[in-house]
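Starting from the given sequences, assemble the full structure and let the hints guide the process.
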Amino acid sequence: MKILVPVKRVVDYNVKVRVKSDQTGMETANVKMSANPFDEIAIEEAVRLREAGIATEVIAISCGVTACQETLRTALAIGADRAILVETDAELQPLAVAKILKAIADKEGPGLIIAGKQAIDDDSNQTGQMTAALLGWPQATFASKVTIADGKAQVTREVDGGLETLSINLPAVITTDLRLNEPRYATLPNIMKAKKKPFEIIKVADLGVDITPRLKTIKVSEPPKRTAGVMVPDVATLVAKLRSEAKVI
Amino acid sequence: MTMRRTLDFLLNDWLDVSTLTTRPRFADHSAETFTAVLDVSERIAREKFAPYNRLVDTEEPSFDGTRVMLPQATLDATRAYAEAGLRSAGHDYALGGMQLPYVMEVALRSFFLQASIAIDGYTMLTAAGASLIVAHGTKHQIDAFARPELDGRFMGTMCLSEPQAGSSLSDIETQAVPDGDDFAADDLGPRYRLKGSKMWISAGEHDLAQNIIHLVLAKIRGLDGKVVPGAKGISLFIVPKMLVDANGHLTGERNDAAIVGLNHKLGYRGTVNTLLNFGEGKFPVRAPSGFDGRGAGAIAYLIGKPGEGLQRMFHMMNEARIQVGLGATMLGCAGYEASLDYAQTRLQGRPSGPEGKDPTAPQRPIIEHADVRRMLLAQKAYCEGALALSLYCARLVDEKATGDPVLAADAALLLELLTPIAKSWPSEWCLEANSLAIQIHGGYGYTRDFPVEQYWRDNRLNMIHEGAHGIHSQDLLGRKVRMEEGRALAILGGRIAETVRLARQHDVLIRDTDALTTAFATLQSATATAWEGGDREVALRNSVPYMQAFGHVVIAWLWLDVARVTVERLGQSGDIAFLRGKLHAKRYFFRYELPRVDAWLKPVCERDDTFSDMDTAWF
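So the protein lines, in turn, are chains A and B.
At position 167 of the first sequence the residue is numbered 1369 (this note's numbering), and the sequence of numbers has no breaks.
At position 565 of the second sequence the residue is numbered 566 (this note's numbering), and the sequence of numbers has no breaks.
No lab work stands behind these hints, which were simulated from the structure alone.
Quick caveat, the model's predicted, so the values are computed rather than measured.
Treat the hints with caution; some may be incorrect.
[Said to hold, decoys possible] If you want the ones that stay clear, here's a sample from chain B, every Cβ over 10 Å from chain A, calculated:
| # | residue |
| --- | --- |
| 1 | Arg24 |
| 2 | Asp40 |
| 3 | Arg44 |
| 4 | Gln211 |
| 5 | Met484 |
| 6 | Asp515 |
[What the hints assert, rightly or not] Take a look, some chain B residues computed to stay more than 12 Å from chain A by CB distance:
| # | residue |
| --- | --- |
| 7 | Glu43 |
| 8 | Ala136 |
| 9 | Glu163 |
| 10 | Met243 |
| 11 | Glu281 |
| 12 | Asp293 |
| 13 | Ala410 |
[Stated by the list, open to error] Reference excerpt, derived from the structure (chain A facing chain B, CB under 8 Å, subset only):
| # | residue |
| --- | --- |
| 14 | Thr1230 |
| 15 | Lys1234 |
| 16 | Glu1272 |
| 17 | Ser1369 |
| 18 | Ala1388 |
| 19 | Met1394 |
| 20 | Ile1451 |
For every residue, glycine included, the Cβ atom is placed at its ideal position computed from N, Cα and C.
What follows is the structure, encoded as structure tokens:
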């Protein structure tokens, strides 16, 4: 069984992001980029399934600019077997990525797609779900435990009220939550080996999918600055302020 | 902005490290693998080291009479480092290494030294020990001791000092005698029994690894019962805590090497520091052999030949000293980053002019005060200058090892000359940077609620260990500037002249090229004046101010060379604020620091005898 794992290049989680002065988006020039942390969890899970003999091949895929190659090399260094970059300079929204993933899945025929539940840049939390819908596959999102047996995946999901366990038929789409696993660090020998693994670059135009953005960003701005706290003399004043100023009660 | 940006700039734009990949040894590497190695190192440092830096300071190692207790975090961090293959990064493929250039190894080490120098201490010592065995040991010694150190199973120490002998190693008293008639027939090397005490042994006892490989300096006792006096009598031994077979597997025998107690230090507390007794009979081994016929005496294997110990040990010290300087540098960087962050968010005071008179107007961040800017700029100039020095010296190590023979010989000589500076300059000035970081924090900086006091305490060691400050100044003025009739100094002069020539193509740098040329000329004449008459005692009496001046000239040169590249990049757009910051740090260094050179060299040039004239009774 092949496993397809989408990996997104995002601003590194350690960077304090800044809004561009023209409010069109976030500042990404000269900012450190790395793989989306949820996607690293997805790669780790796929590699563990291969190490357990359940999967035969892990394919990492990224959609975007040439620099996404670095992100894919990271996935290869963690243990993916080969990589596909669907290259484009155009803005990609979740639906466009889902269409690309569908096109690649149609070609590769994976038994499983494991994706991060969301990317830490736009927090959309849509790509996995849309991909499953386009493929007509079952989906299990926010996975904290995955077991594969007899053509089915048993997936424990983190939901608001606790844990929910689903059994879904393969092929399927699973999206990862934070507690699914702790991704390993790439080792130096594996960084060297990653250089020699198969790496395919496909132009998005060659896939024949419509990636036109459907959403328009009007403005990006910083949240209002937190103002200093005040000490209130008694409970009555607190309640009054909560009612009249904060308007929360 | 973190130091990573500066590191990348120095490696790529200034030193152009990717050109190293054209050399056969590094042919499998590329700019991409270099970046990946830095990324994974930065991440492990950020996730496994940095969060525990304060913990290992507050929960300093304890000793219950048998075992040394360390926080779990130390085990997790050192293990993650080893599992990523970082310990063997620079070694041959045949040893499980990645043949990474030394300059990249130094670059990756910077993250760990900044994140937690005390957790890193275990790894640093292990790597140094393994490198020494690889360079000077036999194949059996490499397989049994170095390989397990590189792959993560063992750790190591360096045992040089004794309670009565630190800087003066020729006075050590630990003795070795052949262990039985068949002592020369052991696969692991000529086998001896050792007896003596070793002081200041970092990582001397712990449970972080299966075994601890001590590298010990001792004197072999001759058949007449005497030892060769002085440095010529010193030999180098491998003393494993647990004995091993030829493949590095534990035999189950505990060697007679015992911890006596811990030293309780000012800083660097996460690295346990011990007094060890070798051969006192606490753990008798392989009786009835041994000093007392009952197994007393630490079993030790000779590296190299008798009497070559100091030479073998110091062969590896150059690289260790670059890393000590780098450690000082990265602690400086840690303080700089912390105080920069604080200065941008701490509100205090108003402008001095009329607009500041309104007491109801909001206060401004302290970074807007001129004096705080002074302290930040000084830190930036010291730390980034020191980082450039560390990387430059590491690049010389690569040139020495893999360069074209003529250039390699020059690089080796220049490296010899710059090593005392690479160790001492960051130790002195990045410590000063830490002091400024505390000053910016005011009273808060003096408390344990902020990290800067720990950086200062941790950094204070660096002027002391791996050759004290004064010792390096004597090495510099007493030996390095004079070796091969001053050829190393001439090579340095040539490189400075080359930087000056290139920098003069940029109008904005011409004033600095003149200042640097003059400062180097003063340094050369001070060198000659100090040695007039050839009396060593007289020549060396002002060696410390001489070294301070020498260091400032070297850093000014490197800053000018970095500025030259920066000016070129500014012409090609890029990150303007980042590049302007580099030029401004250079400007600070040339205007506020380089002028100090004259003051330091004045007593040298005048052969001032204030210190020798001072009678001991007058103190």
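* Far enough from chain A: is every CB of that chain over 10 Å from the CB of B/Asp40? -> violated (7 Å)
* Asked: Hey, does B/Asp293 actually stay past 12 Å from chain A on C-beta?
  -> holds (47 Å)
* To do: With a cut-off of 8 Å on the beta carbons, see whether A/Lys1234 makes it to chain B.
  => Cβ of A/Lys1234 sits 7 Å from chain B, so the hint holds.
* Taking the least C-beta to C-beta distance, is A/Ile1451 closer than 8 Å to chain B? -> Status violated, d = 31 Å.
* Asked: Against chain A, does B/Glu43 keep a CB gap of more than 12 Å to every residue?
  -> violated (9 Å)
* Asked: Closest CB-CB distance from B/Arg44 to chain A, is it above 10 Å?
  -> Violated: least Cβ distance 7 Å, not greater than 10 Å.
* Checking the smallest CB distance to chain A, is B/Met243 really beyond 12 Å? -> holds (27 Å)
* For B/Asp515, is the shortest beta carbon distance to chain A beyond 10 Å? -> holds (34 Å)
* Report holds if the minimum CB distance from B/Ala410 to chain A is greater than 12 Å, and violated otherwise. => Holds: least Cβ distance 31 Å, greater than 12 Å.
* Status of the stated non-contact between B/Ala136 and chain A (beta carbon gap over 12 Å) -> For B/Ala136, whose nearest Cβ neighbour in chain A is about 21 Å away, the distance exceeds 12 Å, so it holds.
* With a cut-off of 8 Å on the beta carbons, see whether A/Met1394 makes it to chain B. => Because about 6 Å separates A/Met1394 from the closest Cβ in chain B, which is inside the 8 Å limit, the hint holds.
* B/Gln211 non-interfacial with respect to chain A [C-beta, more than 10 Å] -> holds (20 Å)
When each numbered hint is compared with the structure, violations occur for hints 2, 3, 7, 14, 17, 20.
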